[in-house]
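Going down the list, the sequences are from chains F and S.
2 is the number that the numbering used here gives to position 2 of the first sequence; each next residue is one higher, with no gaps.
184 is the number that the numbering used here gives to position 184 of the second sequence; each next residue is one higher, with no gaps.
No lab work stands behind these hints, which were simulated from the structure alone.
Nothing false has been slipped in among the hints.
Just a few of them, taken from the derived set where beta-carbon distance is under 8 Å, the chain F residues facing chain S:
#, residue
1, A115
2, L127
3, A141
4, S142
5, L164
6, N227
7, L230
8, A270
What follows is a set of in silico ranges between Cβ atoms, one per label pair, in the way DEER data are often shown:
#, chain 1, residue 1, chain 2, residue 2, range
9, F, W211, S, N116, 17 to 25 Å
10, S, I290, F, T72, 54 to 62 Å
11, S, L24, F, Q182, 20 to 28 Å
12, S, R20, F, W211, 29 to 37 Å
13, S, A200, F, H26, 20 to 28 Å
14, F, K152, S, R110, 52 to 60 Å
15, S, D251, F, Y48, 30 to 38 Å
16, S, I290, F, R282, 31 to 39 Å
17, F, A63, S, R72, 49 to 57 Å
18, S, N116, F, F51, 17 to 25 Å
19, S, P194, F, F135, 32 to 40 Å
Yeah, the Cβ is synthetic: ideal placement off N, Cα and C, and Gly gets one too.
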Amino acid sequence: MTSSPPLSPAVPVVRPAPSLRRRLSHLPGAVVTFLTLLLAGAWVFPLYWAFVTSLKPENDTVALPPTLWPTTIDFSAYTYIFENSPVVRWYLNSVVSSLIITVLVLLLSMLCAYALSQINFRGRRWLYWLILAGFMIPFQASLIPLFILVNKLGLVNDSLGLILPQLAAPVAVVIYKQFFDQIPGELGDAARIDGASEARVLFSIFLPLNWSITFSLAIVTFIAAWNNFLWPFIVMNDTAKLTIPVGITQVQSAYGVAYAKTMATAVTAAVPTIFAYLIFQRRVTEGVMATAGLKG
Amino acid sequence: MTSSPAPAPAAVPGRAAQLRQRYLTAALLVVPFLALYVLFLIYPTFRVLQLSFTNADLTGNGSYVGLQNYVRLFGEPTFWTALLNTLLFIALTAVPNTLIGLGLALLILRLNRLKNVVLAAFFLPYVLPVSVVTNVWNWVLDSNFGLFNFLTGSTVTWFQDPVWALPSVAFVTIWWTVGFNILLFIAGLRNISPEIYEAAALDGAAGWRLFRSITWPNLWPVTSLILLLQLIAQFKIFDQIYLLTQGGPFDKTLVLLLYAYREGFQQQRGGYSSTIGVVLMAVILLVSVIQLRLLNRGEKS
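Start from the sequences, fold in the hints, and give me the full structure.
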């Protein structure tokens, strides 16, 4: 595995050859490692398979035996879906709504949590409990009244109707509150004595201290908003207004059994979250831990 | 925690004015979130209870019918089928998902150089939209052209088979979400101090015994957290089922939320659907309370 280039010719690294006994004692470990790698490979294989399929001409997808890699790389499935379905439109809907949700969730939660943590006002404990209680409330159970409400507000098939209910998530408030609680109050008090406004204290002192948690939360919130299925599925009926996770389920039925095209849409829909994860792996991990109530 | 505000210097205008100023600031900061929270989460929670006693349609218009919805629900075989399927689905996912997560976490932690790559391999599916997951598995498990049946020589139509449909969806769910459990287990395992292991190793403990006497008991708070998160998540199961089987074949995969969706959005029975919602909420609240108790026991407070 470590194939470092030989520095000087013909001078093997001098390492005492491990005894046979020692080597044998490493054997079970090596086998387990090998099996773990095999399992990891099997775990991602469906994703590889979807990707490969999307690059095949439609006829090749049903050829037997299946080919493990495309003999010719063919982008026709992609060009087809981009020309014949509103994929681009859905994409845009998803990007815009997910970004707006991310920014607003973080901003509103931070403001609320800051007040709960740093401003002394009556009823704030009570308010915090009210928000904590939200953890236990499954919005899925009250889907009907939520839909009736959004409908009465005239927001069905409207991006506001898509976005607003998703801002009511208490998780970020609780995480920010716990974070702010750890910052000594004197920090803010000192600034206030110097005449700083509350806004200044928040944005010049507290915000710079929490960039790291903000960033982690932002990535996780964005991925969650992008992936959200149930609410967009309920609130959007107009084909042009769908988000991409909901939209691609329609493409599938429209094509019948056309797996190259179906996989091309799947790959397209998955690209942002896969990239977000691969680039910001550590942030995603941190964010997931924070939202699950554990610190890494 | 409570940072007392700066003591008012003598020169500052009246204390009452200052207090008002502080409350105004707090309100300004809290209200935007709170308004959305109350409107879109708290209010629907109470409204679903009220609707469950009406024969409302999807516009919310209807009259009170007393306990009629509940009587009908508990006498409806489809409801019991949905409840049973939900419980079956939980049995097929919650415990296996937790155990597989633990096993994989242990396997990953013993790796050196490839640790992050292998963790990424198992976690990657978790960041995918549900419809991508179902599309991929529809393809891999396709009865005619799917890779799985080709490799195994099977002819089972996995998502349409009365016996295999629910286990198949459960399998896909585990594939999709186990990365989350692995992550929490790794965090939990890292929190166990190495000194305990060293002490035990000095006493001659090794291998399985180390796991049973040290890892497992120390990991129990994390394990119970994961189990209960799973439990709650699987009670709300909808997306995969709707996309893979739509509750079929013959309602073999019909679960509570899908039943509520059918009654509400397809049959326009808002009141009756709300009744299912209330039952679902009651069950989840019960599980959550148990979770909170267990968690509080594990924490320092």
